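Undergrad: Okay, here's what each chain looks like letter by letter:
Protein chains: 2
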Amino acid sequence: MTYKSDIEIAREAQKKPIQEIGAKLDIPTEHLLPYGHDKAKVSQEFINSVQDRPNGKLILVTAINPTPAGEGKTTTTVGLGDGLNRIGKKAAICIREASLGPNFGMKGGAAGGGYAQVVPMEDMNLHFTGDFHAITSAHSLLAAMIDNHIYWGNEQDIDIRRVVWRRVVDMNDRALRQINVSLGGVANGFPREGGFDITVASEVMAILCLARDLSDLQRRLGDMIVAYRHDKTPVFCRDIKADGAMTVLLKDAMQPNLVQTLENNPAFVHGGPFANIAHGCNSVTATTTALKLADYVVTEAGFGADLGAEKFMNIKCRKAGLAPSCVVVVATVRAMKMNGGVAKADLGAENVEAVKKGCANLGRHVANVKGFGVPVVVAINHFVTDTEAEVEAVRAYVAEQGSEAILCQHWAKGSEGTEALARRVAEIADADMANFAPLYPDEMPLFEKIETIAKRIYHADEVLADKKVRDQLRAWEEQGYGNLPICMAKTQYSFSTDPNLRGAPTGHSVPVREVRLSAGAGFVVVICGEIMTMPGLPRVPSAEAIHLNEAGQIEGLF
Amino acid sequence: MTYKSDIEIAREAQKKPIQEIGAKLDIPTEHLLPYGHDKAKVSQEFINSVQDRPNGKLILVTAINPTPAGEGKTTTTVGLGDGLNRIGKKAAICIREASLGPNFGMKGGAAGGGYAQVVPMEDMNLHFTGDFHAITSAHSLLAAMIDNHIYWGNEQDIDIRRVVWRRVVDMNDRALRQINVSLGGVANGFPREGGFDITVASEVMAILCLARDLSDLQRRLGDMIVAYRHDKTPVFCRDIKADGAMTVLLKDAMQPNLVQTLENNPAFVHGGPFANIAHGCNSVTATTTALKLADYVVTEAGFGADLGAEKFMNIKCRKAGLAPSCVVVVATVRAMKMNGGVAKADLGAENVEAVKKGCANLGRHVANVKGFGVPVVVAINHFVTDTEAEVEAVRAYVAEQGSEAILCQHWAKGSEGTEALARRVAEIADADMANFAPLYPDEMPLFEKIETIAKRIYHADEVLADKKVRDQLRAWEEQGYGNLPICMAKTQYSFSTDPNLRGAPTGHSVPVREVRLSAGAGFVVVICGEIMTMPGLPRVPSAEAIHLNEAGQIEGLF
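So the sequences go chain by chain: D and Y. Quick note, this note's numbering runs 18 ahead of the 1-based positions in the first sequence. Quick note, this note's numbering runs 18 ahead of the 1-based positions in the second sequence.
Since the hints were derived computationally from the structure, they do not count as laboratory data. What you are looking at is a predicted structure, and each value in this text was computed from that prediction instead of being measured. Fair warning: there could be bad hints in the mix.
Remember, identical chains collapse to one label, so a pair may be satisfied in a single copy or spanning two.
Calculated pairs, DSS-like style, for lysine-lysine (alpha carbon to alpha carbon, straight line, at most 25 Å) [what the hints assert, rightly or not]:
#1 Lys34 <-> Lys337
#2 Lys33 <-> Lys269
#3 Lys269 <-> Lys34
#4 Lys34 <-> Lys374
#5 Lys374 <-> Lys485
#6 Lys107 <-> Lys362
#7 Lys107 <-> Lys33
#8 Lys269 <-> Lys337
#9 Lys374 <-> Lys42
#10 Lys33 <-> Lys22
#11 Lys22 <-> Lys42
#12 Lys473 <-> Lys337
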């Protein structure tokens with residue numbers, strides 16, 4: 019049997035006009051702002067008009083620690099959404115937008131895979147509805163206004179050595195990581211050090227994804243710290259008077275984007291913050307809007323559950339007043355094998371013992387999620403080489419832990435492959451079994467919050483931080499930022515800070531290298547290890563092969 | 019009598035769905051790719067399908083040298099388009115897109131004014147359909163790929179001191195004019211000097227506006243010179259293998275945008291290259307498409323006729339095989355007075371003598387345009403303080419020169435105010451009186467082309483250029499670029515290179531400071547005086563006042 023590639027399947031999609039997709043959620047045509055025939059934004063006016071409706075059930079899809087074998091989190095999110103629709107439920111999915119730049123480096127990102135995809139795939143990997151461009155513009159405007167402020171007399175007394183607002187571009191461009199700006203003489207300003215991050219790393223992105231509405235957006239933008247004065251007090255975006263114009267630039271981008279799955283079910287694709295220095299979830303406006311329009315909303319979080327689900331719970335749900343009814347943890351037999359010590363090249367051969375050994379990783383994620391008071395179902399995302407014995411090993415392991423694992427075949431079969439999962443998830447959600455609570459209270463001191471995450475989620479023994487870091491956290495507490503949640507930036511490949519430590523390690527330490535305050539987004543970023551906020555291109559970038567073929571189709575993007 | 023502001027009038031616009039506007043040009047709904055309800059792109063497929071149709075008549079609107087009094091070139095373009103529709107003609111207009119960045123500096127740009135405007139004004143001054151963002155992305159990708167090429171071994175042997183491809187951002191940001199990149203150590207590349215221009219200054223913008231179709235676009239992108247090797251031979255974009263991916267990024271942006279005038283007539287708004295280092299006209303694809311769909315197409319060129327119309331004729335028409343049937347030169351009584359020596363503060367008082375004196379500027383533009391073999395009509399764009407005697411003075415002067423000047427009141431009355439102009443223009447166009455020819459043949463040597471423009475259009479005595487400039491021109495001729503047209507970059511305020519020399523100066527010299535080759539766009543840029551390709555923000559940027567009001571409307575942008 020041969021399989022079609024994701025792009026082949028996506029090109030065969032029988033897309034419906036976006037107005038028909040909107041109609042499934044009872045969105046009137048005039049409130050769908052179309053971008054072409056297959057994409058639309060939902061109007062702010064309509065969103066405002068549905069605020070009094072009850073919420074649907076929120077279902078989070080998360081996963082084990084990612085391995086090179088792949089786990090299929092987005093694919094399962096799409097498959098579960100289609101499965102819920104298949105069994106007659108009114109369901110929508112909410113996923114993140116893709117970043118433009120990385121598509122030109124390594125082979126680019128689809129939205130799902132196989133017969134569980136969101137379309138139009140090409141647009142979603144290129145400019146889509148322009149949200150990321152709007153974020154780049156808003157970010158760039160603030161950067162220009164800061165240097166302009168300094169140029170025209172520096173009334174705020176900004177210390178040019180302490181401008182913390184970097185610039186952004188949605189491109190992998192290592193040459194811009196560290197630059198000197200304002201060179202060339204008096205007319206170009208005061209020379210200083212600067213640099214660019216990729217757009218998704220912008221605090222503006224995190225804010226767009228957490229803001230409840232346009233006035234909340236503007237307040238948060240104003241709250242961002244952009245520099246420090248010579249007396250070390252913070253200079254806010256508001257002091258530079260950029261928050262109003264930035265809000266204007268982001269007005270359209272704040273409206274969630276509606277597209278469709280291959281099975282013509284509604285999919286919101288909106289926002290895409292980093293999952294390390296930010297919280298890695300799609301926008302609050304998309305999720306809250308979807309909850310007003312659908313009975314079931316399936317969404318996902320970044321990376322594995324230790325980073326993604328933790329932030330979804332402790333940052334997004336806490337801040338947006340959301341509570342998930344059920345969590346799906348995605349695992350694959352292949353990833354279990356890798357967690358059990360098998361090399362990627364050997365994944366083809368049956369190895370039940372390795373599967374059993376690797377299940378420790380899955381087991382800890384399941385237990386962690388239950389710790390938030392939310393029921394868990396494990397989705398075994400089926401791969402063609404999986405043997406029955408291997409699948410059974412996962413199922414048995416999960417049953418032993420008191421949970422249920424369901425085999426899913428959405429990649430090959432679409433919603434037919436997730437019917438069982440959908441029925442079980444709907445049953446759990448309908449039973450209102452969840453009793454959600456974040457892991458720590460707002461009033462817990464910042465360092466204690468870090469320790470709570472490290473010990474309860476990562477199962478580490480201790481958090482290592484020098485005096486400078488601890489003093490900084492205390493200083494922020496004194497300045498009134500003590501009630502913020504923590505945003506952990508560590509490797510996604512392990513519960514520990516060592517990417518090679520698979521499985522369920524214990525006895526490790528979490529060294530904190532640096533802490534950063536995202537005062538507008540509303541969290542304290544705790545950096546453990548190297549975090550790259552501006553990727554580079556590889557020796558042979560995929561851009562070299564990307565082109566239009568003679569039929570005008572895009573080749574090489576996927 | 020009090021007058022409404024442009025923005026007040028624009029907000030009262032009774033816009034029709036863009037599908038209805040498209041229907042006026044017989045564009046089927048499925049070939050209009052909507053962006054919201056009031057903007058659309060015309061599909062490439064539809065454009066391909068109409069190529070065998072005959073062309074409508076092309077009418078160029080140009081103007082005297084701009085003065086602080088304003089001349090209303092875009093306003094007249096819109097007014098004439100509406101006027102032609104009013105008298106029963108099937109007419110469309112083609113104008114340029116606005117640049118985002120400058121709107122946050124000085125008070126931003128409307129599209130037309132009074133009752134002769136194109137809407138939606140806010141969108142057109144913000145992200146519109148994302149064309150400029152696509153250009154920024156394509157430009158940025160090439161920049162990243164050049165430094166990446168150097169980083170991974172520099173197979174092309176690029177001299178890092180001779181990378182001529184700068185970066186761009188659509189923002190006024192003087193701090194980025196001159197920068198050092200790739201600092202911070204081995205992982206970030208080889209340190210070198212660089213800098214950013216504003217997006218509209220990108221050669222990609224000029225190419226997008228001159229390319230006939232997507233394959234012509236890719237060929238031109240590939241032809242761009244991005245750096246020189248240590249042996250001083252040029253490195254082309256094609257050598258970096260970026261042309262395919264850039265074309266993919268520009269695929270949607272190549273499709274012309276359709277919007278509407280306040281009177282619901284079709285308006286193509288597409289492309290916006292600089293009018294000094296580039297040719298300053300809307301896109302060839304928009305103009306050629308409009309000519310297939312409408313019987314009359316009214317378009318405009320940048321700045322005054324000495325720069326704008328000259329480039330429209332010698333670059334755009336020559337390259338795209340276009341020939342205008344009639345040219346409208348816009349003049350105002352106030353601008354005539356300023357050309358006659360009156361200060362801006364004194365423009366309110368009647369001064370017929372100053373009007374007469376200032377008419378020399380108008381007269382020379384009219385004669386210049388006639389030199390291209392195209393009939394001319396002068397449009398006197400009426401201002402409320404103009405007296406009958408002043409208007410009569412302009413009319414009499416133009417009549418003496420053997421042309422006709424028609425008073426227009428579109429600002430106050432919309433198409434009612436351009437009926438007479440529209441009838442006369444249609445009459446001239448229908449009579450096929452034009453016998454268009456560019457000013458110089460392709461095979462004329464480059465320096466002679468410069469002299470021809472300077473003498474025939476600017477009425478200068480001589481062109482001054484040092485040996486380095488002349489040698490460079492000769493070198494390009496030897497490399498096969500001798501057949502390219504010239505793109506003059508000089509002040510728009512005077513026929514001379516001295517911005518303070520109004521009227522119709524003679525006996526002056528044109529000093530050439532620098533020449534640049536835009537090998538992809540296909541012209542040689544001749545720089546006379548300071549040309550700013552990255553503006554700065556003023557002491558109090560308009561961004562400080564831009565915000566959303568409580569009704570969600572944008573304030574301060576206009």
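Undergrad: Hints first: check each against the structure and report whether it holds.
TA: Structure-based check of each hint:
1. Lys34 <-> Lys337: neither (35 Å within a copy, 41 Å between copies)
2. Lys33 <-> Lys269: between (28 Å within a copy, 21 Å between copies)
3. Lys269 <-> Lys34: between (27 Å within a copy, 23 Å between copies)
4. Lys34 <-> Lys374: Neither way: Lys34 and Lys374 sit 44 Å apart in one copy and 64 Å across, limit 25 Å.
5. Lys374 <-> Lys485: neither (42 Å within a copy, 80 Å between copies)
6. Lys107 <-> Lys362: neither (39 Å within a copy, 70 Å between copies)
7. Lys107 <-> Lys33: Classified as within; 21 Å inside a copy, 39 Å across copies.
8. Lys269 <-> Lys337: So Lys269 and Lys337 pass the 25 Å test inside one copy only (21 Å; across, 40 Å).
9. Lys374 <-> Lys42: neither (43 Å within a copy, 68 Å between copies)
10. Lys33 <-> Lys22: Answer is within; shortest intra-copy Cα gap is 18 Å, inter-copy 46 Å.
11. Lys22 <-> Lys42: neither (29 Å within a copy, 43 Å between copies)
12. Lys473 <-> Lys337: Classified as within; 23 Å inside a copy, 69 Å across copies.
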